[in-house]
Amino acid sequence: MKRYSAFAVAREALRYHMGWERAWTSPAPKRHYDVIIVGAGGHGLATAYYLGKNYGITNVAILEKGWLGGGNTGRNTTIIRSNYLQDPSAAIYEKARSLYEDMSQDLNYNVMFSPRGVIMLAQTEHEVRGYKRTAHANALQGVPTEWIDPKRVKELVPIINLEGPRYPVLGGLWQERGGTARHDAVAWGYARACSAMGMDIIQQCEVTGVRSENGRVVGVNTTKGSIDCDKLGMVVAGNCSHLSDMAGFRLPVESVALQALVSEPIKPCMDVVVMANTVHGYMSQSDKGEMVIGGGTDAFNNYTQRGSFHHIEETVRALNETFPMVSRLKMLRQWGGIVDVTGDRSPLISKTPVNNIFVNAGWGTGGFKAIPGSGWAMAELMATGHSPLAEEFSMNRFKEGKFIDESVAAGVAH
Amino acid sequence: MLMLHCPFCDEYVEETELQAGGEAHLKRFGPGSSDDEFHDYLFTRENPKGVHFELWRHINGCGKWFIAARCTVTLEVFGTYPANCTEPPQWIKDKISEKRPGWTWREFAG
Ligand SMILES: Cc1cc2nc3c(=O)[nH]c(=O)nc-3n(C[C@H](O)[C@H](O)[C@H](O)COP(=O)(O)OP(=O)(O)OC[C@H]3O[C@@H](n4cnc5c(N)ncnc54)[C@H](O)[C@@H]3O)c2cc1C
Ligand SMILES: [Zn+2]
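So the protein lines, in turn, are chains S and H. Remember, my numbering sits 1 above the position in the first sequence when you count from 1. Remember, my numbering sits 3 above the position in the second sequence when you count from 1.
Possibly wrong hints are sitting among the right ones.
[What the hints assert, rightly or not] Heads up, simulated DSSO-like pairs for lysine-lysine below, C-alpha to C-alpha not over 30 Å straight-line:
| hint | chain 1 | residue 1 | chain 2 | residue 2 |
| --- | --- | --- | --- | --- |
| 1 | S | 400 | H | 30 |
| 2 | S | 403 | H | 30 |
| 3 | H | 52 | S | 31 |
| 4 | H | 30 | S | 66 |
| 5 | S | 400 | H | 52 |
| 6 | S | 331 | S | 268 |
These are calculated hints, taken from the structure and not from any lab test. Since the structure is predicted, the reported quantities are computational estimates derived from the model, not experimental observations.
Construct the complete structure from the given sequences, taking the supplied hints into account.
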């Protein structure tokens, strides 16, 4: 792999940019791999990357039914934060956030991590109490966050209307080192680094069956033939129940559509991320100037990557009250992704009833921010059989009643 | 927007008139059941890519519960029926079999 650098840009500028090589190879599948990862979204690619980087396991294939990063990783609104309430969540999301800080250097790929700060608005007394509690919890967890009053909110977000008719802004939870990153670049950067380690990223290769013998996985059937493996990682987000069905077990997950939309590009007007959870809307401004807006989930199971229109209406209506200038904006595009929601709104990084099959799913509406931490923990679990970061996220927690109840922090989409 | 037929009002109503109630025909387990049964009843879901049975309540209408058989991949609605039954009526099973040959009721969980 040729390194990207300012020097490389200058060199290529002098020769009509003919010297760039492909960022990753597209090989045909081999007969056998030590590890197969199903799903080339951020979490699958990060898992493969840390298997190679931290454990030297590089005989790895990442199988993707569409194109890499074409799932939720390429459809999300890219909010990164780690101000969760429960200790296991704070640990893994803060690990992820801290890995984002130098990801561009680590991968030699510009992922445009922009720690511009994230505000979660409190618009009811319940939220005020909830976020103050989270700020205290974060202080104990070593995650820097802060409760701020409406005056400070207005300083940070001049376009905000504090006196909303329904829900006035009563303050907010502020995480200064939260922000956004370029979603595609995260997938592409990991893919390039995996390919450079000799891993095979095989796109347009759908897993259609899982073969196991005596309770152990031996391989998978795919649209590109059958492939053997010693260990299998299922990292397919909204399709996780479908994959687990192939392997003969069920998950505590339901798949629903979550939507987002972007406006026409406008001049810079808001340089932080604002989330308004009571009214189900959140917004940031992309480097291109578009206002990136996320909405709520549908209430019914769905695999179509399309959501119901009335949710868009709700979201925009709510944002209009909080940001009156939005009412004059034209919206350019709207899309949906299929998110995997668990009973307690926390993810699964877990062993499964089938030996040597591991599952990473349930990130639901908020897993982009977790990609590096999740990959780190999943790689550790797959390589060594145990990961302290992943321990509490076992799928057995539902049986034991050890929920990681983040429905306040993560029940809304972000 | 999803539109479903309320079998009580005999009307096609929009999603905004309805409240979703999750997977239907779950077998209830309570005190005396095994841990596994109770866990599965509370938390594991079929979440199928295809035919799905789900509870809906006509909350901004008659207020009654009914069940919809729907395809989660095409959003096709096979039909709706009152919720006071433990498995889908034969007519709806036949209708689904006609449209999804080879489909069987509770193949996975059973
Ligand atoms: C509209 C929207 C907004 C969001 N906003 C945010 C946000 O602001 N912040 C945040 O942190 N999170 C956000 N999220 C959530 C976040 O996008 C996801 O949690 C995260 O991207 C999941 O990554 P993943 O790698 O697990 O899944 P994906 O990126 O979906 O990757 C899974 C891959 O598996 C592939 N696959 C599926 N089945 C098979 C098969 N049988 N064989 C082979 N491959 C298969 C799919 O094609 C897909 O590429 C948002 C999600 C949506 C939809
Ligand atoms: Zn009715």
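field: Broken hints, by number
entry: Per hint list: single violation, 4.
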